[in-house]
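Asks: Assemble chain B onto chain A, guided by the hints.
As given, the protein sequences belong to chains A and B, one line each in that order. Numbering of the first sequence is given in our numbering, commencing with residue 1282 and proceeding in unit increments. Numbering of the second sequence is given in our numbering, commencing with residue 1282 and proceeding in unit increments.
Since the hints were derived computationally from the structure, they do not count as laboratory data. Be a bit skeptical, because a hint or two may be false.
Same chains, same names: a pair is fine if it fits in one copy or spans any two.
[Claimed, not checked] For lysine-lysine, the following DSS-like pairs were computed, each having C-alpha atoms within a straight-line distance of at most 25 Å:
no.	residue 1	residue 2
1	K1682	K1358
2	K1626	K1524
3	K1626	K1686
4	K1524	K1358
5	K1429	K1686
Treat the numbers as computed from the prediction; the structure is a model and nothing was measured.
Protein chains: 2
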Amino acid sequence: MDTSNALLFIFVAFLAAKIGGEVMERLRMPAVTGELIAGIILGPTLFNIITSQDTFFEVLAQLGATFLLFSVGMETKLAELKKVGTTAASVAILGVVMPFILGYYVSILMFASSIEAMFIGASLVATSVGITARVLDDMGMIHTQEAKIILGAAVFDDILGMIVLTLVGGVAAGQLSYLNLAIVIGESLCFVAIVVMLGTRIVRYASGKREVRFDRTTGGAWAVHYSTRAFHRDNWLNKLVQKQAPFVVILIVIFGLSAMASEVGLAAIIGAFFAGLIFSDTKETYELEQKFEPLNVLLVPFFFVVMGARVDLRNVTGVVPFAIVMTIIAILSKLIGCSLGAVTKGERTALIIGAGMVPRGEVGIVVAMMGLTMGTISLDTYSVIILVSLATTLYAPFLIKTVIKAESKNGAQRWTTRRSRS
Amino acid sequence: MDTSNALLFIFVAFLAAKIGGEVMERLRMPAVTGELIAGIILGPTLFNIITSQDTFFEVLAQLGATFLLFSVGMETKLAELKKVGTTAASVAILGVVMPFILGYYVSILMFASSIEAMFIGASLVATSVGITARVLDDMGMIHTQEAKIILGAAVFDDILGMIVLTLVGGVAAGQLSYLNLAIVIGESLCFVAIVVMLGTRIVRYASGKREVRFDRTTGGAWAVHYSTRAFHRDNWLNKLVQKQAPFVVILIVIFGLSAMASEVGLAAIIGAFFAGLIFSDTKETYELEQKFEPLNVLLVPFFFVVMGARVDLRNVTGVVPFAIVMTIIAILSKLIGCSLGAVTKGERTALIIGAGMVPRGEVGIVVAMMGLTMGTISLDTYSVIILVSLATTLYAPFLIKTVIKAESKNGAQRWTTRRSRS
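If we strip away everything but chain A, and leave its shape as in the complex, we get (with noise of 0.2 Å):
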């Protein structure tokens, strides 16, 4: 390989990506839409510079891939699971079920086969609620009822949508005999169970988390802070003399656990998404964020850029009447969906949930690259996945400050009617 070459192609893609981000964080969408839309440039649509056939791009972003998943798996607290509730768990549910039902069978009628039609389900599941926070804060309402359960339910989400994933990656491996898939979705649940008990386990016990908890009983805050470092001289990982000895050890993990979760027929990325998970809990005390910025700011760009750079729209006609139809389908049910699960609370909070959880987005894409690369969905398909990725993203603010203004009119109307009655 040419490596002078590909620091240029690095160069143009990385540059491309960033320019894209900070467009569409101008203009208040994530920057993951922006970096998207410079891959469908850079792709063979249009310029051609980004081609598959470079591989150090897909190194580039399989390495994003594995951060950025560990990065969703270190924002899901298991221990926050528990206090979501029972609507954020019915709403996130039914807003994975819903979903995965209706896109497989739109798919299934507009002729995809049923694999494809399955990780078109799949890829629907997963919300990405980044840019509803961003909306609901700017209409101040961060603080509101429905911001609690949307972020709430988008972490049991995150965890359903990968478990699907686990599901679906294993059916297609496997073949499709009732035997091979309950051995797949044996071995599947096994690893992740595997995984999340025994890693919790050890990681608390690495890092001296016990000690820490005995603390949080007795002291406050600072004294639960200082115990954590006091005990720390302690623990093995500081018997380590290398420099960033606990980050080497996570980063040894996650190409660990990615490797082994290929190893028993899963995805590398849902590896480490249950590697973040496993470490969530010990995030502050390593300071992971802020080690782990950097490496997300160089290398999930590249994820993002090279997915939007296998878009590929030549083929018009076979991919955007598709697209269209899919991105209805990932709204409506979505929208339907949440709504349903949250319809306790109220007709105008059940509808800001089903709008907040519309948008999708890493997971999804994630779900079209694990296609394209077990070579079990087209690349229309996987065209029509990432278009409907973005499309949900940027339909999601108009949709969501629609449904606030209507409500609350409503509301106001409401209100005041029955305040002039009394």
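Replies: Quick look at chain B alone, frame taken from chain A:
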């Protein structure tokens, strides 16, 4: 490319590098030596796990080299060069000229081609004083005059080494006519001059360094710091809305200068080095070390492990004798050259400085990589250079300690003699 397989290899390589680094650090040797040895073990000589066919390792190694040289450059403050003093300068210059000339002629005597001999000479030029600093620190000598001269000379030495590499690389890339040679040298010098002069000015302007300078004459250190922050609100970098904007811009500059360097026929990493140089003044302002450390922890080990894995010792008779001779040349030429440069400071000081400048390191390995990538040096010559880097680094601590002890015994004797006389 099978990316899932790639992750397994990445895991193995990263783990091996970090274990190697940990073992050597415990022996109070630089982690680099452990990473190189891990690479040699994983390479064709023994396990053949990392082979040069794996392009993903190339990319990771190239990125590692890029960030490594950026960091080396960042440590090299141009402003500090003025303070280095004439002794450090003469130590650096003689310590560059002697190894280059001796390395060149001895290589030619040992049947290397003229171009190969130039690469070997260039690889012997740059000192890596990390291990020296550690040994002097261990012996309580880090604040002595010797240590200051060594550290000053090493800064100067890095830049001289880069210039030698630039020239040698240029000569190797061009046809060997005098006209082409002149063009290449001119081009290289122009690149360096433009980057350093324009670059530092632009960076200073963009980050508001001029204001800081102004303040430095009126206020104290604290006032400087304060005014920097105040000014920063106005500078254009802060007008970017995206996360970590200055860090992103610096990454873009690194990739841009690397691509530019390789476009004008230089090694890409030379661009990265000069990017580091022009940002070295803004290091504290943007907390660059803190941001680049995670990148280095992740990527630099891949550089060393991959460089180690390219060493092929199956042809023992073709490599080992040459490596032994060149190690002796490498040690003697630096010891003599640098001692001569510091001869005005007295015999004891001169010898300690000479011994302290012996270890070679990163830059020598970069020279070897460049030669191999350009196809101008053979695999055997490559292996020789890596072994020489390794051997000088491993031997240096013993040499330094021996010199210090022998000299302090002499010194003590002389002192005792003088005392008994009085």
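Asks: Up to 25 Å between alpha-carbons, please classify K1524 paired with K1358: within, between, both or neither.
Replies: between (27 Å within a copy, 23 Å between copies)
Asks: Evaluate K1682 and K1358 at a C-alpha cut-off of 25 Å and name the case that applies: within, between, both or neither.
Replies: Classified as neither: same-chain Cα gap 29 Å, cross-chain 52 Å, threshold 25 Å.
Asks: When no copy is specified for K1626 and K1686, does a C-alpha distance of 25 Å or less occur within a copy, between copies, both, or neither?
Replies: within (18 Å within a copy, 81 Å between copies)
Asks: Reference check for the pair K1626 and K1524, CA-CA at most 25 Å: within, between, both, or neither?
Replies: neither (51 Å within a copy, 36 Å between copies)
Asks: Given a CA cutoff of 25 Å, do K1429 and K1686 count as a within-copy pair, a between-copy pair, both, or neither?
Replies: The answer is within: 19 Å in one copy meets 25 Å, while 69 Å across copies does not.
Hint compliance for this structure: hints 1, 2 are broken, all remaining hints hold.
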